[in-house]
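As a plain string of letters, each chain reads:
There are 2 protein chains.
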Amino acid sequence: MRISSRCEYGLRAMVYLAGHDSGRPVPLPEIAAGESIPAPFLERILARLREAGLVKATRGVSGGYQLARPAADVAVGDVVTALEGPLSLVGCVPDDGACARADSCASRIVWRRLDSAISGALNGITLEDLTREAVSP
Amino acid sequence: MRISSRCEYGLRAMVYLAGHDSGRPVPLPEIAAGESIPAPFLERILARLREAGLVKATRGVSGGYQLARPAADVAVGDVVTALEGPLSLVGCVPDDGACARADSCASRIVWRRLDSAISGALNGITLEDLTREAVSP
DNA sequence: ATAATGCCGACTCTATTGGTTGGGATTCGC
DNA sequence: GCGAATCCCAACCAATAGAGTCGGCATTAT
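Protein chains in written order, with the working numbering: chain X, 1 to 137; chain P, 1 to 137.
I should point out that these hints are in silico values taken from the structure, not numbers from a laboratory. Since this is a predicted model, take the numbers as computed values, not measurements. Don't take every hint at face value.
Said to hold, decoys possible - Every beta carbon over 12 Å from chain P, so not counted as near; a handful from chain X, in silico:
hint : residue
1    : Arg12
2    : Ser22
3    : Pro38
4    : Ala39
5    : Glu43
6    : Arg50
7    : Gly60
8    : Pro70
9    : Val79
10   : Gly85
11   : Arg112
12   : Asp115
13   : Ser119
14   : Gly124
15   : Arg132
Unchecked claim - Here are some, though not all, of the chain X residues that point toward chain P, as calculated from beta-carbon distances under 10 Å:
hint : residue
16   : Glu8
17   : Met14
18   : Val61
19   : Gly63
20   : Leu67
21   : Trp111
22   : Leu114
23   : Ile125
24   : Leu127
Beta carbons are placed, not taken as given, at the ideal position from N, Cα and C, and that holds for glycine.
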């Protein structure tokens, strides 16, 4: 149960973009250098984020990446979900009958709680919050 | 970011033990059958739980496993930690200088929050809570 | 002695992670 | 049009972890 580097890097990159939102796109090498992320790897990460509609890219000279939405409209949970898949920790939490013992399974209580704790924590912070660092502990 | 089967199984087994605490040890095959867990795999899981001091085993005929402490004294977090390693999701959360950019890193705020949300959710429930199912949603 | 049980080490198979490499396709400035 | 900067993409690779399995040994009640 560990956050992948992919996800760490991705969030850092998004925060970087949020903090350098001057209207013109930021080239990948700049982000990579600024955040010490291996450039080719970052490229794959940004591809995912683009597919998820979180960043938009412009090609060609003086191209680069920008946030697709205002930073205040991007929750950290969006970023994590785009990179890590659905936040749900265990398959059986949405009761779709996948687990035969679902109703008699006391453990589900735990996973359900955990799920909502995680979503709460991640969806309650936006990129803007992070750039302002105005998050209460 | 997904809970391993190991961990799912382990928690189920612990709940089973908590619910069948009649003073005499419960043999592994019984747990395995009752919870539909492949027996050899469960064996490895119980080994970890024993090393962590959460269950105790008695060998020989009519041996088996028992909780090492009363169910009310075992938090779910204890079980998960024993099976999944430390709950911390990202290396840099305890500030041990491992990450050079630690103080300027806005993302840490997120991971720290997430960390405490997770510990809160998992350490706030004990095995007894689960057997009684008296957990508020 | 035997059977039931736990203990343990070695093994396989698969998917994921964390990358790298190499080549395209676009677009700007000249 | 040319070249440089940039994004786009597919293929590849090594290491690790997850999920089990297998076979044998140690212990103990009967």
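Hint by hint, here is what the structure shows:
1. Arg12: violated, 5 Å
2. Ser22: Given that every Cβ of chain P is farther than 12 Å from that of Ser22 of chain X, nearest at about 18 Å, it holds.
3. Pro38: With a cut-off of 12 Å, Pro38 of chain X remains clear of chain P, as the shortest Cβ separation is near 15 Å.
4. Ala39: holds, 17 Å
5. Glu43: Fine: 20 Å to the nearest Cβ keeps Glu43 of chain X off the interface.
6. Arg50: holds, 20 Å
7. Gly60: Fine: 30 Å to the nearest Cβ keeps Gly60 of chain X off the interface.
8. Pro70: Pro70 of chain X clear of chain P: closest Cβ-Cβ about 17 Å, beyond 12 Å.
9. Val79: Not fine: 9 Å to the nearest Cβ puts Val79 of chain X too close to chain P.
10. Gly85: violated, 8 Å
11. Arg112: violated, 8 Å
12. Asp115: violated, 9 Å
13. Ser119: Answer for Ser119 of chain X: violated, closest chain P Cβ roughly 9 Å.
14. Gly124: Violated, since 8 Å does not exceed 12 Å.
15. Arg132: Arg132 of chain X is in fact no farther than 12 Å from some Cβ atom of chain P, at 9 Å.
16. Glu8: Since the shortest Cβ distance to chain P is 6 Å, the answer is holds.
17. Met14: The hint holds - Met14 of chain X has a Cβ within 10 Å of chain P, the shortest such distance being about 9 Å.
18. Val61: violated, 30 Å
19. Gly63: violated, 25 Å
20. Leu67: violated, 15 Å
21. Trp111: holds, 7 Å
22. Leu114: The hint holds - Leu114 of chain X has a Cβ within 10 Å of chain P, the shortest such distance being about 5 Å.
23. Ile125: holds, 6 Å
24. Leu127: Holds. Min distance 9 Å.
Checked against the numbered hints above, the structure violates hints 1, 9, 10, 11, 12, 13, 14, 15, 18, 19, 20; every other hint is satisfied.
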